[in-house]
Amino acid sequence: MFVLLRQLHSDRKTAGIARPARRLSLAVRHVDAGSCNACEHELGATANLFYDLSRHGITITASPRHADVLLITGAITSRMVIPLLSAYQAMPEPRLVAALGDCAMGLGVLGDHRDLAGPLEHLLPVDVRIPGCPPTPEQILDALASSGLAGRATTLR
Amino acid sequence: MGLVTKSAPQNPGTTLVQTTPSSWREAHDSAIHSGGRFRGLYAVGPDEARCSDRAGRDETGTTIRSVFSFGDQVKVLSARAVPGRSGELRGAGASLAGASAAPAGASVTGASGSGWTFPSIVDILPAAAWDEREAHDLYGVDFAGHVPMRPLISHSDCLKSWTVPVVGAGTHQVAVGPIHAGVIESGHFRFHVVGERVLHLDLRLFYNHRGLERAAVGAPLDTGLAIVQRACGACAVSNTLAFAQACEEVLGLWPDAALKTQRTVLVELERLYNHLNDIGAICAGIGFAPGTMAFAALKERAQRLIGRLTGHRFMFGTIQIAKGAFCLAGGERREARQELRSIGEDSMRSWREVLFNTSVQNRVTAVGVLDASSAARFGTVGPAARASGIPADTRSESPRLDYRELQPPSPVDPTGDVAARMALRAAELETTLALLDTLLRCDLHDATAGAVAEGSPVGVGVVEGPRGATTCIVESDGTTIQRLHLRTASYANWPAVAHATAGNLLPDFPLVNKSFELCYACSDR
Ligand code: SF4
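First to last, the protein sequences are chains A and B. Adding 13 to a residue's 1-based position in the first sequence gives its number in the numbering used here. Adding 2 to a residue's 1-based position in the second sequence gives its number in the numbering used here.
If you are wondering where the hints come from, they were derived from the structure by calculation, not from laboratory data. Every value quoted in this text rests on a predicted model; they were computed, and no experiment measured them. Glycine included, C-beta positions come from ideal geometry on N, C-alpha and C. Please note that the accuracy of each hint is not assured.
Which stretches of chain A does chain B cover? Using the computed rule of at least three CB atoms under 8 Å from a CB of chain B, they are [as the list claims (entries may be wrong)]: (1) 14 to 21; (2) 65 to 73; (3) 101 to 113; (4) 127 to 139.
Over the 10 Å line for every Cβ pair with chain B, so calculated as not near, a few chain A residues [what the hints assert, rightly or not]: (5) G29; (6) R35; (7) G87; (8) R92; (9) P96; (10) L123; (11) G124; (12) R142; (13) S159.
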C-alpha cells in the first residue's frame with residue numbers, strides 16, 4: 014500500500030495540475046442514453062489524478078435527487094427515454110441539462126430510426142453542449158468547470 | 003451427416019454449408035463434436051416482422067445461419083425454412099424427442115409449416131440461447147423446443163415474461179438500473195435474493211440498442227466500418243478489425259506483412275489500456291482506492307501514448323478495409339517502446355501491491371466462481387474463460403494478424419474466481435507489453451492487402467479483443483452490405499456473469515461484474 018501511495022504521489026507531482034482559483038460546487042448526475050461507452054470512459058477519466066475533477070468541487074452523484082446537472086451521453090435510444098425523463102423529473106429545481114459528446118448533440122448519429130428517439134434537444138432543454146467523439150477529459154473538465162455552469166446553478170438557486 | 007455442401011467459395015477461411023431445418027440439429031451436433039467453437043447464430047432476411055403483424059410474412063420464409071470456428075477455419079451452417087413444407091419439421095421433431103428435449107417434440111410438430119420455424123439447438127448448445135432469443139425478437143424467427151422463449155431485446159413485455167420464477171420463504175427481488183449509481187452504461191439487473199444471498203440474476207440489457215446492424219443493411223462497406231466502430235468505444239479496434247477482416251474475405255483480399263503487424267499493434271494497444279482499466283475497476287469494486295487510482299493513472303498514461311501514436315485515444319479511424327491507416331516513424335516507435343517499458347514497470351509494481359494486500363485478496367478469493375464446465379457450456383470467451391481453465395485465445399489462430407512472437411502468459415491458477423480473472427489480466431499485460439516491444443521494432447509503413455482469391459458472399463472475421471473473441475459476419479455483394487452481424491465477446495460472456503453471481507452475496511455483485519468488465523454497448527448494438 015505504501016508503495017502505491019508513493020507512486021500516486023509522484024504521479025501527481027508529474028501531472029503538475031494546479032489548484033483552481035475558485036472552487037465551485039456542482040453535483041453531476043450521469044445518464045447513458047445509448048452511447049458507445051467511450052464518452053463514459055472519458056468522463057470517468059476526469060476523476061483520475063491527471064485531471065482530478067473533485068479539485069474543482071465537482072462531484073458525480075449517485076442520485077438525480079442530489080444533482081444540479083443531468084449529464085447525458087449517447088444517441089438517446091427509444092428504450093432510454095422513460096428512464097431519462099424520470100431521472101430529470103426526480104431532480105430538484107433549478108436543474109440544468111448537459112449533452113456530452115456528438116451523439117447526445119445529435120451529430121453524426123448512426124442507427125435505425127425505429128430504435129432512436131433523439132436528438133436530446135427534442136426531449137429536454139439543453140443548457141450545455143460538449144462536442145467531441147468522445148470529448149477528451151480536458152474538454153469535459155473545462156466545460157464543467159469553466160462554462161459558468163456552477164455559477165448558473167448557484168444563481169438559479 | 004446429411005449435409006449438402008453447396009457453393010463453397012474459393013476462400014482461405016470461410017466455408018458456407020447449406021443444410022435444411024430438419025438436419026439443422028444434426029449439423030450442429032457434428033460441428034460441436036468435431037471441435038468447432040460456436041461463434042454465433044443469426045437470422046438473415048426481412049425484419050419487418052418486429053413491427054408489423056405476422057400475417058403475410060409466411061410467404062417469404064427465412065434463413066438462419068450459425069458460425070463455428072475450427073482453428074483458423076470458419077464454417078457457416080445455413081438453413082432456409084420454406085413455408086408450407088411441414089414434412090421437414092416433423093423430421094426435426096422426431097430427432098428432438100430423440101435428443102431427450104422433452105417438451106420439444108410436440109411444439110415442433112405444432113409449429114411446422116411456417117416458414118419461420120427452426121428446431122432449437124439450445125439443449126445441445128446452451129451458448130446459442132441469447133442468439134435464438136435475439137433472432138426471435140428482432141426477426142420473428144421461432145425456435146421449436148426453446149421453451150419458454152423469454153424476450154431478450156424486446157422490452158415491451160411484462161416482468162413475468164422475462165424473469166425466472168423464484169419462489170420460497172423469504173425470497174424477494176432487488177431491481178437495479180437501468181441507470182446506475184456511477185458513470186456506468188445503462189442496463190437492468192434483477193436479483194432474486196434471500197437475505198443478502200443472490201439465488202438467481204436476471205439480466206435485462208439492450209437499453210443501448212441502436213439498431214446498428216439494421217442501419218448497415220444496404221450501406222456501402224465503408225459506412226459499415228463507421229457503424230461497427232460506434233458499436234463500442236472500448237472495443238473499437240477489435241470490432242472494426244473483425245469487420246475489416248470479414249470485408250476482406252468478401253473481397254478476396256489478404257493483408258500483407260506490414261498490415262498484419264500494424265493491426266496487431268493496434269489490437270494489443272487496445273488490450274493494454276483495457277486490462278489496466280479492468281484491474282483498476284476490480285479495485286473499485288472492492289473499494290481499494292489506492293489500487294483504483296494507480297491503475298486509472300496507468301490507463302491514462304497508456305491512452306495518452308495511444309493518442310500521440312494514432313491521433314485518437316480510442317484509436318477511432320485506425321482500421322480501414324484493405325489498407326493501413328496509420329504509420330509511425332522510427333523515432334516515434336522508439337519513444338513508444340520507452341514509455342511502454344515504463345508503464346510496464348509501474349504496472350507490475352502496482353500489481354504486486356494489489357496482489358499482496360491481504361484485505362484485497364480476502365475479497366476476491368472464491369468469489370464469483372465460474373467453473374470450467376459452466377464456462378464451456380456458456381461458450382465463455384477471453385480472459386473469463388482462460389481464468390476458468392479453458393484455453394480460449396484465438397490469437398494463436400489468427401493468420402491475418404502477426405502473432406508469431408506471442409508467448410503464452412505466465413500460468414495463473416484457473417480457479418475461475420474474481421482473483422483468477424484479475425491475476426490473469428496482470429499476466430496478460432506482461433505478454434502484451436512484450437509483444438508490443440517486439441512489434442514496434444518493425445517498420446509499419448505502406449500497409450495494404452492484396453487479392454488472393456475470388457470474392458465470397460459471406461465473410462467472417464474473428465479477433466481476440468480485450469474481453470475475448472469478437473466475431474463479425476458480413477454478407478455482401480462486394481459493394482453494399484446485405485447483412486452485418488457483430489457478436490462481441492461481451493455478448494458471449496453476459497450469461498456467465500449471471501451464472502457466476504448466483505450464490506454470492508449481493509454486495510459482492512459489483513466486484514463479480516467488474517471482474518468480467520463487459521461492455522453493454524457492445525452487446526446492445
Ligand atoms: S459521441 Fe462518439 S464517443 Fe461519445 S458515445 Fe457517441 S460515438 Fe461514442
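Now for the hints, and whether the structure bears them out:
Only when three residues or more bring their CB closer than 8 Å to a CB of chain B does the claim for the region 14 to 21 of chain A stand; here the count is 6, and the claim holds. By the rule of at least three residues with a Cβ nearer than 8 Å to a Cβ of chain B, the coverage given for the region 65 to 73 of chain A is violated, with 1 such residues. For the region 101 to 113 of chain A, the proposed coverage by chain B is not satisfied: 0 residues have a C-beta within less than 8 Å of a C-beta in that chain, short of the threshold of three. Under the rule that three or more residues need a Cβ within less than 8 Å of chain B, the assignment of the region 127 to 139 of chain A holds, with 3 such residues.
Listed as a non-interface residue, G29/A keeps its Cβ farther than 10 Å from every Cβ of chain B; the least gap is roughly 14 Å. With 10 Å as the threshold on Cβ separation, the claim that R35/A sits away from chain B holds: the shortest Cβ distance comes to roughly 25 Å. With a least beta-carbon separation of about 7 Å from chain B, G87/A fails to lie farther than 10 Å from that chain, contradicting its non-interface assignment. Not every Cβ of chain B is farther than 10 Å from the Cβ of R92/A; the closest lies at roughly 5 Å, contradicting the non-interface assignment.
For P96/A, the non-interface assignment is contradicted: its Cβ lies about 5 Å from the closest Cβ of chain B, within the 10 Å cut-off. Here L123/A does not stay apart from chain B, with its beta-carbon only about 5 Å from theirs, under the 10 Å limit. Its closest Cβ contact with chain B, about 3 Å, brings G124/A to no more than 10 Å, contrary to its assignment away from the interface. Separation of R142/A from chain B is adequate, the least Cβ-Cβ distance of about 19 Å exceeding the 10 Å criterion.
At roughly 20 Å from the closest C-beta of chain B, the C-beta of S159/A stays outside 10 Å, upholding its exclusion from the interface.
Violated hints, in rising order: 2, 3, 7, 8, 9, 10 and 11; the structure is consistent with all others.
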